[in-house]
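A.B. asks: So the sequence lines, in the order shown, correspond to chains A and B. For the first sequence, my numbering gives the first residue as 1, with consecutive numbering after it. For the second sequence, my numbering gives the first residue as 1001, with consecutive numbering after it.
Among these hints, one or two may not hold up.
[Stated by the list, open to error] Covered stretches of chain A (chain B as the covering partner; in silico rule of three or more C-beta atoms under 8 Å from a C-beta of chain B):
id	region
1	39-48
2	100-111
3	149-162
[Claimed, not checked] A short, non-exhaustive set of chain B residues, derived as facing chain A with CB atoms under 10 Å:
id	residue
4	VAL1078
5	PRO1081
6	THR1083
7	ALA1085
8	CYS1100
Derived by calculation from the structure, the hints in this document are not laboratory data. The structure presented is a predicted model; accordingly, all values stated were derived computationally and were not measured. For glycine and all other residues, C-beta sits at the position ideal for the given N, C-alpha and C.
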Amino acid sequence: MLRDKRWGIRSVLLAVTTVAVFALAVQIAFANHYGGYHLAVLNGHSQATIWFVDRTDTTWPVTASADEWNRSSRLTVGRRAECPHSGDYCPPVHQVNAPGYYGRTVRPLNADFTHISRSGFFVELSTSTPLSRRRSVACHELGHALGLEHRLPADSCLRNDSVFPNLPDDHDFNMLYSVYSHTP
Amino acid sequence: MKRLVLASLVLALGVAAVGTATAVVGGNDDSLNPAAVEPKTAAVDELVDDPEAGKPPTYAPRGTDDGPPSYVPGLAEVVPPDTPAGRKLNPTNDPNVRACRNPDGTYVVIHTTPVPGKDPYPNDPEDLRRRPC
């Protein structure tokens, strides 16, 4: 009887541990890849839509990076010379001379931290970035603008490292699908 | 033996639950969910000659129907990481992420990709844009 009781307690402890590991895994999945706030569906679009208003010169592959992120089935991502629709997300992509950084993404949030706001939303790409790194940096910053966070390790342009790949990886698209399939 | 079998069963169920839930929540599986991507060609326009290309940025860009600018580089305050807002906006305390509070009470999250070995925030009083917020 005593043995059975001990075994029962051990089983409960094991089950609790399992639940804890489960919860931790879920938290890691969110914390590393998604900040908990995202683009809203605006202007009657069928899904979240963002136009990167390109103010960089032709050495920056903004078009190619936007096109790559546009593979997501739950987002419309495009590069434009001007904002096509008033009220859409149209963060400008500026080219700046910043010796300390390659790129920067400024994401304004609404008051309850659930959605990215339009006002003051912009991306900066710095002339200090070597030409060979511009594809990866553009991919990285545009990914942040979609609501994704750094990842490590990862085979993605969102890897939090001094050098990272040029493109998103499958996990990034799975994450966007998960976030933008279930949120307004 | 019976205990071992039972323990193995519980462990297997736990691993299955973790794997399933993680895949559902975050797509943590490395394999691509086929529904997550689709071929699209209409969203990206063709490159055109842009007279504004490469010119210095104008802050803070916003739509005509928006209110006054919230984020003004250099005027926002860093949100301490040990505050509720700091924990929400930068939960992993990522050093390349700044959570900032604007003068009007709204927030911004700034991701910076630093040049390796350089301080992206020299806090130059002559250049507000180079400040952390």
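A.B. asks: Work down the list of hints and note, for each, if the structure agrees.
C.D. replies: Structure-based check of all given hints:
1. Counting residues of the region 39-48 of chain A whose beta-carbon sits less than 8 Å from any beta-carbon of chain B gives 0, not enough to reach three: the coverage restraint is violated.
2. Residues of the region 100-111 of chain A with a Cβ under 8 Å from some Cβ of chain B number 12, which satisfies the need for three, so the listed coverage holds.
3. Residue count for the region 149-162 of chain A with a Cβ under 8 Å from a Cβ of chain B: 4. That meets the three needed, and the coverage hint holds.
4. Checking VAL1078(B) against chain A by beta carbon gives a least distance of about 14 Å; that is not within 10 Å, so the hint is violated.
5. Proximity of PRO1081(B) to chain A is violated relative to the hint, the smallest CB-CB distance being about 14 Å (cut-off 10 Å).
6. Annotation: THR1083(B) was flagged as interfacial toward chain A, and the flag is violated, the nearest CB pair being 13 Å apart, outside 10 Å.
7. For ALA1085(B), the interface hint holds, the least distance from its beta-carbon to any beta-carbon of chain A being 8 Å, beneath 10 Å.
8. The criterion of a C-beta within 10 Å of any C-beta in chain A is met by CYS1100(B), whose closest approach is roughly 9 Å, and the hint holds.
Hint compliance for this structure: hints 1, 4, 5 and 6 are broken, all remaining hints hold.
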